[in-house]
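> Now for the letters of each chain:
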Amino acid sequence: MSGKNAAATVNGTVSYTPVDADFKWKNNAKEIGIDENFASQGFWKDVFVRYFKKVSAVIGLALIVVITVFAIIGPQMNEFSYSTQYLDQKNFAPRIAALERFGIFDGSESMKTTTGSMKINYYEEKGLNDLYYWFGSDNFGRDIWTRTWSGARVSLIIAVAAALIDMIIGMSYGLISGYFGGKTDMIMQRILEIANGIPRLVIVTLLLLVLEPGMLTIIFALMLTEWVGMSRIARAEMLKLKEQEFVLASRTLGAGSFFIIFKEVLPNIIGPIITQVMFSIPTAIFTEAFLSFVGLGIPVPQCSLGSLISEGFNSFTTHPYQIIPPIVVMALLMLSFNLVADGLREALDPKFKEM
Amino acid sequence: MKKAKAVVAVLMASTMMLSMTGCGNSGADSGNAGTAADNAADTSAADNTASADTSAQADGAEASGATASSSDLNIMLETPVESLDPQQATDGTSFEVIADFTDGLMQMDADGQAVEAIAESYDVSEDGLTYTFHIRSDAVWSNGAPVTANDFVFAWQRAVDPAVASEYAYMLSDIGQIKNAAEIIAGEMDKSELGATAVDDSTLQVELNVPVSYFLSLMYFPTFYPVNEEFFNSCADTFATSPDTLLSNGAFIMDSYEPATTTFHLTKNADYYNADSVQLAGLNYQVIQDSQQALMSYQTGALDTTLVNGEQVDQVKDDPEFLTIGAGYLWYVSPNIAAVPELANLNVRMALTTAINREAITNDVLKDGSLPTYTAVPMQFAAGPDGSDYSADQSRYSDVCVYDAAKAAEYWSAGLEELGVSELTVDIVVDADDAPQKVAQVLKEQWETTLPGLTVNLVVEPKKQRVEDMQSGNFQLGLTRWGPDYADPMTYLGMWITDNSNNYGLWSNADYDAIIDECTTGDLCTDAEGRWARLYDAEKIVMDEAVIFPLYTQCNAEMLSSKVTGIEFHPVALNRVYKNAVKTE
Amino acid sequence: MGKYTLKRVITALFTLLAILLVLFILMQLMPGSPFNDEKLNADQRAALYTKYGLDQPVTVQFFKYVGNMLRGDLGVSYNISKNTPISQLIKTRLPISISIGGYAVLIGAVLGLLLGLVAALKHNTIWDSLATVISVIGVSVPSYVFALALSYNFGFKLGWFPMLFSPNDIFKSSVLPSISLSMFTMASIARFTRSEMLEVLGSDYMLLAESKGISGFALIFRHALRNALIPIITVLAPLIVDLMTGSLVVEKIFAIPGVGSLLVNAIQSNDYNVVISLSFIYSAMYIIIMLVVDILYGIIDPRIRLAKKGGD
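From first to last, the protein sequence lines stand for chains A, B and C. Residues in the first sequence are numbered consecutively from 1, following my numbering. Residues in the second sequence are numbered consecutively from 1, following my numbering. Residues in the third sequence are numbered consecutively from 1, following my numbering.
Keep in mind the hints are simulated off the structure, nothing from the lab. Backbone N, C-alpha and C fix where the C-beta goes; we use that ideal spot for every residue, glycine too. Please note that a few of the clues may not be correct.
Derived list of chain A stretches under chain B, where covered just means 3 residues or more per stretch with a C-beta under 8 Å from a C-beta of chain B [unchecked claim]: (1) 241-251; (2) 298-309.
Listing some non-contacts, in silico: residues in chain C with all C-beta distances to chain A over 12 Å [unchecked claim]: (3) 12; (4) 213; (5) 225.
Covered stretches of chain A (chain C as the covering partner; in silico rule of three or more C-beta atoms under 8 Å from a C-beta of chain C) [to be verified]: (6) 198-207; (7) 222-234; (8) 313-325; (9) 329-335.
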């Protein structure tokens, strides 16, 4: 609106002698933001509509919601807790009341021993006819259903927290480094190389030894190691865009560096950034799983999807059902994050409209 | 047909021999096997030169053809070798491999007793302070040089040399009590003054500070193995890091090896003085850290023996090739008595120890045949003057540590009352390894269920860190283990004297110190039976005061191919000895 | 370009030196000691510290280490392989890790690019969904699960490949570990290629190229893929270093004598010299690859080359 007025004024004064003041940067935030103001009319509504047009994106979002809901209420859905051990009820195969009569999930498993294969049903063997472990029980006699969902809860918190922190820190670092270039870039990239050149395991182990082991320490450790990837993406994108005309235009209009970085360039690279965030979620879950594997993960008896997979891994050839629930939940979680990321990226980037 | 039957009988007898050194049989036939094993033991006692199964098996092998002599034994290791330098090695894997190609003065027989090896004979002086070993003339190194008394003197001087800084130097000083060893380690004397001297090439004389009843059994410990000085000097700094820098005087010769490798191989040593009795063509070692891969490899026949993880026991427990073997380690919880006021309370400690259901830990979680233990000295490693196991009677202190939820709760409420609190939070440090974490999770659960108001936090740390924390007193409860260094209860009881660095709880009791002193350097040194009785008195003090909460004696679940017989398993020093093993095709 | 490269190489050397110093400081912060066993008493530990010079100040240790390193001496291992020169340990192990990691990168990158291209070109079809599913499985199942599943099926059941690494048959016994390692790379590259290609395909210059009549193969490989490559290389580079320096879990499962398991053992047993040396090699490889990537950027995208000239 103010843009139109300004244009009118300029058009109105035909015989005008330029003065020095006219050649200074206007430095008027309102006017610089002009194109953004214009574009943002109905933008988010547009995104919303575009997003929900895509079936896969909606499915992904629904899956995330379902898994999150289960992560919240799942552990309370039966009488077991994630830590209570019933050592006389170890390694019970999955058993679900409704499906029992169809011959599946009836609590029996066939075990391949070195002397042959045999079918066992511990529920019948021990006379526990009213007992139902929906996903089976682990080698401490803990309910895998409860543990899977409390593990999903822990993993979600760790992954989302780490990914968000990672995004904020890494993105800012990469954008700033890429935009300023020259000496700034040189120094920032060397610092990054030093930080990244030291194997992640060395830093993380050290952190976990020095700090109290727990969820916050793991998030901190992940943050410290994962931001680098994001910053590289952001920097590469910045290098691609910063010589483009719209950046030049904005600079000519007198926009400050940080305005250009965060208001002009950032919205243009939101696609790759979101893709990278979605990738840092599995990376975060993975790194946590790896830490569990070397014995530095979430402290026992607490669990995460990663530590459950590590635990189940030890029974992979003996009781394969123990590793399946955490892997399936993890895969679904990854799939849905990917679908949501895809949907978001296409919804956010109008260029995809015509495709 | 008859011959075939004989072979089967021999095989059975030898398998039962194995189960005798093992952790007892988990099946219902344990009584049966016990008697068979006794018979076998009798035969081997009657036969001095070779163990019963070997000589018998030699006949069996002849009967079934000559294939036995042409095959390698394929052995699985869980961890890589740390060092093949006998004076630097500290772990069981390294010891086992060193013993494959090196003989000491003495060796272990199938029952774990010390018998002559490089020493042809030995004399002990009346006062028990001087040992004279006569070295056999046919013992040679693989480069042709004879094994001489000097090789031992050189090796032992290395062991105590502060410049070498051998971690097991204390085997010569504190445990072996060799004259001047302690002073040399402390840097107060030159290593040439060590109380071990070569009288001539074939005579080694050792002087001790005090009589040491188990001194001969130390001679099979690798720290005491010989090193050829000339060869050592020719290798410079690379000694024991490749086949070229290793010298053998034992049953096998290393022919492919790299430091910390995952596969290596040894071949039979034709120049070994007892080469005729070595049946195997060689040893093929494979390091496998993943237990599921190990079992699959075993099932395809790539391995002849492998360790089995607790979870896999369900798969293999009915297999006749499945065994449990005593590993010697006692696992226990050490409370920090000096630094944590709550744990200084005897009732609290009694509550904790009586609230532990040890059977549940071994049967339901570990499942590898480990034995629940109710004594401060574990089972099956120390035989007394009458030949019986020191800790065979597990009910000796059962009133103070056997699982009893009601009694534990009583102790607990009494303890809380004395402390004037209604709830308690304690931390327990555990190793970041699989088994300790499993055990700790069960302990936490058992304690919290039985003792109302107790919260237990697990602090999981890498082992090195855990040991450091415990040695510096920076812990509340610690789950730790101790493996015997020599076949005498003192290897355990010596830990809890005042100011010992492994007395983690810094417990101190003057009566206890006096008994231990009496048994190590005092009057009882030479009185085997009297000493034995006093050791029980000392152990009773430890148990009554709940200085430690013993949990279990570790066993390893293993698979051993039915083609293989004669491997000797020991809980002390050398866990597996292969020189008498036989493999039939 | 030559001057720029030289300048980058010199800064890389300084970066390495800085990393070495940071590593030394980190080792000092590391709790615990390399010599910590139940059986070791305080005096004996002090003797060991003196023997290895660990009782001296960090700065002295640092300069000594740098001095020795310039002469090609990386020191000896303290406890995971007692007194073995580290150069000897690395000489035998690094080539194994590099070759297995190299195969994995190759398999991962080629399959990943193909999968990503197919998904992008057949956007919103069944092929796209299939590629998505494959890549999701690739990123969400840990490599050790793949490793064991492969080993169980192709090693144990079918007997096609050895289950354990064998120095006598390096190629055949590297197949299963390389495949299980490559899954994550493949999935990451596929996802990234797809998203980058979609972006590029929707850009104006592609429209221009298409309207100029360029079509098919040339259009995709010369115009589209070339522009999508920068971010892909950025993602691939650190993965290469991670793979080539050995993966702990896969090395553990297949009993591979590589450097990955060595590093983990060294960290867990506080074997400072081994940790420092291996970390340093990792850093060196990382920095070299990053250097190559930086130079590659210039070759692939002239805009960056120009920007650099302007900037310097």
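> Does each hint hold? Answer for all of them.
Comparing the hints with the structure gives:
Under a criterion of three residues with beta carbons nearer than 8 Å to beta carbons of chain B, the stated coverage of the region 241-251 of chain A fails, only 0 such residues being counted. Coverage of the region 298-309 of chain A by chain B holds [criterion: at least 3 residues with CB-CB distance below 8 Å; count 3]. A beta-carbon of chain A is positioned within 12 Å of the beta-carbon of residue 12 of chain C; the least distance is around 8 Å. Non-interface status of residue 213 of chain C relative to chain A is upheld: no Cβ of that chain comes within 12 Å, the nearest being about 21 Å off.
Distance to chain A confirms residue 225 of chain C as a non-interface residue, since its nearest Cβ pair spans about 15 Å, more than 12 Å. Check on the region 198-207 of chain A: 7 of its residues sit with their Cβ under 8 Å from a Cβ of chain C, so the three-residue criterion for coverage holds. Remark: the region 222-234 of chain A is confirmed as covered by chain C, as 4 of its residues place a Cβ nearer than 8 Å to a Cβ of that chain, reaching the required three. Only residues whose C-beta sits within less than 8 Å of a C-beta in chain C count toward coverage, and the region 313-325 of chain A has 4 of them, enough to reach three; the restraint holds.
Three residues within the 8 Å Cβ limit are the bar, and the region 329-335 of chain A against chain C gives 5, so the coverage statement holds.
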